[in-house]
Amino acid sequence: MPRRPLRPVTAVLSLGALALVAAAGPASAAPSRTFQPLATVAVDGEVAEILSATPDGRTVVYTDSQLGRVGLVDLATPSAPRQVGTVDVGGSPTSVAVTPSGRYALVAVDSTTDLTRPSGHLAVVDLARRTVVRTIDLGGQPDSVDIGPSGRYAAVAVEDQRDELLVGGVEGGLPQLPAGFLSVLDLRGAVADWTADRVELTGLPGAAYAADPEPEFVDVDRRDVAAVTLQENNAVALVDLREQRVVGSFSAGTVTRSDADTADDGTVTFDDELTAPREPDAVQWTASGDLLTADEGDLAAEPSGGRGWTVFSTAGEVRWTSGGSAEQALAAAGRYPDGRSDDKGAEFEGAEVARVHGTDYAFIGSERGDAVLVYDLARDTAPRLLQVLPTGDAPEGLLAIESRGLFLTRNEDDGTLSVFGLR
1436 MPRRPLRPVT
1446 AVLSLGALAL
1456 VAAAGPASAA
1466 PSRTFQPLAT
1476 VAVDGEVAEI
1486 LSATPDGRTV
1496 VYTDSQLGRV
1506 GLVDLATPSA
1516 PRQVGTVDVG
1526 GSPTSVAVTP
1536 SGRYALVAVD
1546 STTDLTRPSG
1556 HLAVVDLARR
1566 TVVRTIDLGG
1576 QPDSVDIGPS
1586 GRYAAVAVED
1596 QRDELLVGGV
1606 EGGLPQLPAG
1616 FLSVLDLRGA
1626 VADWTADRVE
1636 LTGLPGAAYA
1646 ADPEPEFVDV
1656 DRRDVAAVTL
1666 QENNAVALVD
1676 LREQRVVGSF
1686 SAGTVTRSDA
1696 DTADDGTVTF
1706 DDELTAPREP
1716 DAVQWTASGD
1726 LLTADEGDLA
1736 AEPSGGRGWT
1746 VFSTAGEVRW
1756 TSGGSAEQAL
1766 AAAGRYPDGR
1776 SDDKGAEFEG
1786 AEVARVHGTD
1796 YAFIGSERGD
1806 AVLVYDLARD
1816 TAPRLLQVLP
1826 TGDAPEGLLA
1836 IESRGLFLTR
1846 NEDDGTLSVF
1856 GLR
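If you read the sequence shown in the numbering used here, its first letter stands for residue 1436, the second for the next number, and so on.
Calculated directly from the structure, the hints in this document are not laboratory data.
From a predicted model like this one, the values you see are computed outputs, not experimental measurements.
Some hints here could point you the wrong way.
Stated by the list, open to error - Distance windows between CB atoms, simulated:
no.: 1; residue 1: Gln1518; residue 2: Asp1598; range: 32 to 38 Å
no.: 2; residue 1: Thr1794; residue 2: Thr1548; range: 44 to 50 Å
no.: 3; residue 1: His1792; residue 2: Ala1698; range: 38 to 44 Å
no.: 4; residue 1: Ala1477; residue 2: Asp1706; range: 26 to 32 Å
no.: 5; residue 1: Asp1598; residue 2: Gly1525; range: 44 to 50 Å
no.: 6; residue 1: Val1626; residue 2: Arg1517; range: 24 to 30 Å
no.: 7; residue 1: Val1568; residue 2: Asp1773; range: 47 to 53 Å
no.: 8; residue 1: Gly1525; residue 2: Asp1621; range: 35 to 41 Å
no.: 9; residue 1: Arg1493; residue 2: His1792; range: 16 to 22 Å
no.: 10; residue 1: Ala1767; residue 2: Asp1849; range: 20 to 26 Å
no.: 11; residue 1: Asp1700; residue 2: Arg1493; range: 45 to 51 Å
Cβ coordinates follow ideal geometry from the N, Cα and C atoms, glycine included.
My request is simple: use the sequences and hints to build the entire structure.
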């Protein structure tokens, strides 16, 4: 669907004075520091999506799926990001993660030409030499990649994405085999010694269309346990990468609310009924060991998506949900996309959890609102809304650089990189 033109970015809006903050958590004093815009710049490429950074936070790597490469940006001066090179990866990159050593970038690459025979590989890029030093066949079409903090294991969500044909009367419906799976990579030793193994995700408790899992996003915690969203299956799976086995799964459930805007009528009023599966995209581990999901929705059957975000326990208990407060925050900041009200609303797609200068933050990206919501996540059961950050057009990749007090977005539709600093 065509998107509207980019709105001018004129200010970062602090919401401490708005009454709707109370809906997102208990009232408290305004923070002494806020994230302020440092730069929004165009970088080389056509469709830029995901980004990662070296441990020192001075080099950023981003994907460009249209041109089949990753780009490198020098962030030594955050207010003046500088393009320093690109690397062809032999297909359409879908995700990237830099190893804790800072030496390599692992790039998930889609090479599929026929959705009934999906294919892809992992390109290992030597960042100093700016060249691919190895490719590892994944046996399917990858979406997301992440590396555990230890650097010993990586996980790739191999989605084997569906076609947009009619199945069961639903455009893009399921099942459409082959099924997706999780690829687990053992990164110990030399690059030539790295191995990839497959963990099946079929038949998981809580998953819709369980015979055809479509893993979307993966986040690995310090125990080397991967949280994996199965977006179209409306589920989350937990995989122990050391043991290469599923250790849990649960349904993301359904939202039932009476504070949504479901009519594209030129008027923003949050008083409509909404019942829809959450269908989460991004997932993040919190510092307390819970799971945070951005409930975008994806399956063509309507309604779809929770129009907000949720904190789950690892057993699938809802510990907190944004309800209508997230979209209402966008509306108060002038960022709510009313033209999408009859579809999936603001489409909260991306998420990032980070501790920056001693404060735990949650960053929730709205693809259609061209903005990121910033929360204090001191308590998983009571997130506190702090700011709405206007970004470039359709923020896809979110990245916090904790050691430097920076937050970045990679904006898919206008090809820009937005940089914010805690000031």
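Hint check for Ala1698 and His1792 - Cβ pair distance inside 38 to 44 Å: 42 Å, holds
Whether the CB-CB distance between Ala1477 and Asp1706 falls inside 26 to 32 Å: Violated, at about 40 Å.
Supplied distance hint 32 to 38 Å, evaluated on CB atoms of Gln1518 and Asp1598: 36 Å, holds
Hint check for Asp1773 and Val1568 - Cβ pair distance inside 47 to 53 Å: 49 Å, holds
Hint check for Thr1548 and Thr1794 - Cβ pair distance inside 44 to 50 Å: Taking Cβ atoms as reference, Thr1794 and Thr1548 lie about 46 Å apart, which means the hint holds.
Cβ separation of Val1626 and Arg1517, checked against the hinted range 24 to 30 Å: This hint holds: roughly 28 Å between Cβ atoms.
Asp1849 and Ala1767 - C-beta distance against the hinted 20 to 26 Å: 24 Å, holds
Satisfaction of the hinted span 44 to 50 Å by the C-beta atoms belonging to Asp1598 and Gly1525: 23 Å, violated
16 to 22 Å as the expected CB spacing between His1792 and Arg1493, which holds or is violated: Holds: the Cβ-Cβ distance is about 18 Å, inside 16 to 22 Å.
Range hint compliance [Cβ, Gly1525 to Asp1621, 35 to 41 Å]: 23 Å, violated
Pairwise beta carbon distance, Asp1700 to Arg1493, judged against the given window 45 to 51 Å: 48 Å, holds
Of the numbered hints given earlier, the model fails hints 4, 5, 8; all others are met.
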